[in-house]
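K.L.:
Residues per chain are reported as follows:
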Amino acid sequence: MEQIKIEDLNFRYALSSSDCLNGINLTVDKGEYIVICGKSGCGKTTLLRQLKPAIAPKGKRSGSILFCGRSIDELSPRESTEKIGFVMQSPENQAVTDKVWHELAFGLENLGLSTAEIKLRISEMTAYFGIDSLMDKNVNDLSGGQLQVLNLASVMAMHPDVLILDEPTSQLDPVAAQSFFDILNRINKDMGITVMLTEHRLENVFVDADRIVVMDEGKILAADTPSDLGEKRDVLPELVRLSLPAAMRIFFAVDGHGKTPVSVREGRRWLETKEITAPLPEQNIQISDDAAVKLKNIYFRYNKNDRDVISNLSVNIPRGSIYSLLGSNGAGKTTLAKLIAGAEKPYCGKVKLNGSTALMPQNVQALFTEKTVRDELSDLCRDEEIIRYVSELTQINGLLDKNPWDISGGEQQRLAVAKVLLCDRDIYIFDEPTKGMDMEFKTVFAEIISELKSKGKTVIMISHDIEFCAVNTELCALIFDGDISAFGTVRDFFSNNHFYTTAANRISRDLIGRAVTCEDVIKCVKK
Amino acid sequence: MNSGFKGYNPYVNMLFFISVIVYGMLIRHPVYLALSLLGAFVYYLRLKGKAGIKTFLCFILPMFLFVVLINSFSNHYGVTALFTLPSGNKFTFESLMTATATSLIVVIVMLWFFCYNEVVTADKFMHVFGKILPVGALVISMALRFIPMYRKQFSDTHNAQKCFGEPAGKDGYINRIRNFVRVSAATVSHALENAIQTADSMKARGYGLKGRTSYSRFRWTSRDTVIICLLILLNGAVIFGVTRDCAYCIYNPYVVINPSADFGTTFFIEDLNMTLNPFSPTGIISMTAYFFLCFMPVIIDVKEDIRWNRSRSKI
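If you read the protein sequences in the order shown, they are chains Z and E.
Residue numbers for the first sequence follow the numbering used here, so the first one is 1 and each next one is one higher.
Residue numbers for the second sequence follow the numbering used here, so the first one is 1 and each next one is one higher.
Just chain Z, with the same shape it has in the complex:
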């Protein structure tokens, strides 16, 4: 049954001279799971916001949006609040009240429900989402992942028919993102609620989605099932091709025939039928004997009565290497970054640095103190030439006169990278740099770090992003419980792990020895 029908939709922002949405036609059936993808600024968010009249942007709209056969403008505010749930990008900013139970009740209070009804719905939601233990907590004490689940639960408590999510996981680490998607998939499959979602990390949602809508410059390029999307691969923008799941990328690269594999399981089955022609070429990683950062038996805790966050950790980071520190939340990664950058001091042990450091924090907004992007940059460097070079490199040259708070999350990330580059230090530390980056900029960022390496700088990355680290770093270490539990060159590291490893490695395990990235697999498989 048709639930949402968008016909010839055009939209132009109030102060803009060009259309942001251009002739959009899309029909969404009841219970469908739809993922909308495309570059930052392609109109995804604008499209989603058109479906929620309360927060639709101001501007000129033509064409029609029908919700269950009625124009969306005819819905009363109460109906549109109830029927259409909307979850936004930032976990922190959408929460309104101070307590978890109050947050769940907030929307229901607005709808004017009775205390008994609210109590029933809250107890249902907490049981379904498994958040009963959080009920009495302060919203500020939750992790980003928990908070986003809470936001989803408090929207679900209003019993919507359609759930719209605007990049809900871009601020979360991959593990939290995956569990968020698991919940979302359960809501869709268990309850038959229609889900419309925008997302950068397609790997996670591809298996769950019924249809993928690819947008570019305000137009819809394709709207197909995940496996049919393969047939249209030539019209897909580069960005979307880069963010496809590993199985599909390998399949396309070797011109596979038949049904396109989507999941790791399907990828393995397909790869088993293929002939492995070439052995995996050896990686050539040269490691300098000289250490840029040397930590010896360090211990650290934040308060006297807390437990140690870092305990008896020793690490040697060679000069000129690209080194990634992986590990789960709360393992002490960010603390380690602060210790290396000198923001915190260990209470025991030695930190020896061979050069100056710059740290890009996880919360990049913390770096911005000026009124324009240009001021942010010229604050660190007087040389116009260098500023122009760096801003072109990080693709922010078009934004120089904007306020750093007016640009999108992905653009803020780029500005932060630009600022770090202008610092000109010997050791660069990036804390979760790829969080919120789209695939296109990830490629640019990869080039930036390899250029830093070629200049003899040391790059340390604290990350959850296994796929990125597998392709772009040389040495990896896994932090667990305040200590380093595994360490090695990229291939040794990932091929020794069974769970904590890349999709390409999981697809090719036992079939191709030690292949870690999609490129590794592609090289070994005959066209």
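FYI, nobody ran anything at the bench for these hints, they're computed from the structure.
Only pairs whose alpha carbons sit at most 20 Å apart, straight line, appear in this in silico SDA-like list of lysine to any residue:
| id | chain 1 | residue 1 | chain 2 | residue 2 |
| --- | --- | --- | --- | --- |
| 1 | E | Lys203 | Z | Asp161 |
| 2 | E | Lys131 | Z | Leu111 |
| 3 | Z | Lys352 | Z | Asp483 |
| 4 | Z | Lys371 | E | Ala195 |
One-sided excerpt, in silico: chain E residues whose CB lies under 8 Å from chain Z:
| id | residue |
| --- | --- |
| 5 | Asn159 |
| 6 | Glu193 |
| 7 | Thr198 |
| 8 | Arg217 |
Cβ-Cβ distance ranges computed for the label pairs, FRET-style:
| id | chain 1 | residue 1 | chain 2 | residue 2 | range |
| --- | --- | --- | --- | --- | --- |
| 9 | Z | Asp136 | E | Arg310 | 23 to 31 Å |
| 10 | E | Gln197 | Z | Glu392 | 28 to 36 Å |
| 11 | E | Ile174 | Z | Asp424 | 19 to 27 Å |
| 12 | E | Gln197 | Z | Ala14 | 14 to 22 Å |
| 13 | Z | Asp424 | E | Gln197 | 29 to 37 Å |
Note that this is a predicted model, so its numbers are computed, not measured.
For glycine and all other residues, C-beta sits at the position ideal for the given N, C-alpha and C.
The hints should help you fit chain E onto chain Z, whose structure is shown.
P.N.:
Just chain E now, kept in the frame of chain Z:
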């Protein structure tokens, strides 16, 4: 967690604390003071356990003695000199009594406020306040969330700047002030930007629709009705006694604790120039009521403990 008196409706908790704190501040009569002190002390220990004893010994007791000593040594009114101080002034029984009573009042009010903090949590306060002013309650709830959030953003920004831009050696006093202003301004922009998103989220979730209700996790049960009736009754009895001069006492120029009257027995202690006649029939009623008022939380808690143990032993 929310057992005993803590588990009662916030209105019951509030009425109780308002009563005992108001009486605690106004009544200077030694019997009433003793009852209130004991009630507050026992309940405080029940709520805090061993930590309560520590606070009492390390903080409340020293403070009590300090206030008594300072007051009794520096005031010299009254007719009954106990001994002469080196300065030639008299140390009087009356000033000692006044100092003790004043100090007790401070201790009693403080103990009741400590108990209040344990019992009336922010949630309970919001329940009572939200009924009076629903919008105000939402604003407070939002403020309670935003203030820590902005403080964290401030320290994040401060730390980020620290391991970043400023080259070494530029750490002067002026520079630190300039940096502080910059970080503050950035925090304000951050707050304003994010408030726009919060406003969108509120609109998307229907804030502004007509007929908003206020959800509360606390319900009014029949036991709350019983206790609130009891509270009103006890308050009535206490006030009845107090308005009939049962709590009458003066400490200057000589100590009179209820003047001699037709009722009760009057004692006169000649060495201390003290008149005592505290136990008149109305006085006994009022004091008994005051006892039950001050010990109400303890009695409720102990009763629940007994009931629990009994039901356990049946199993």
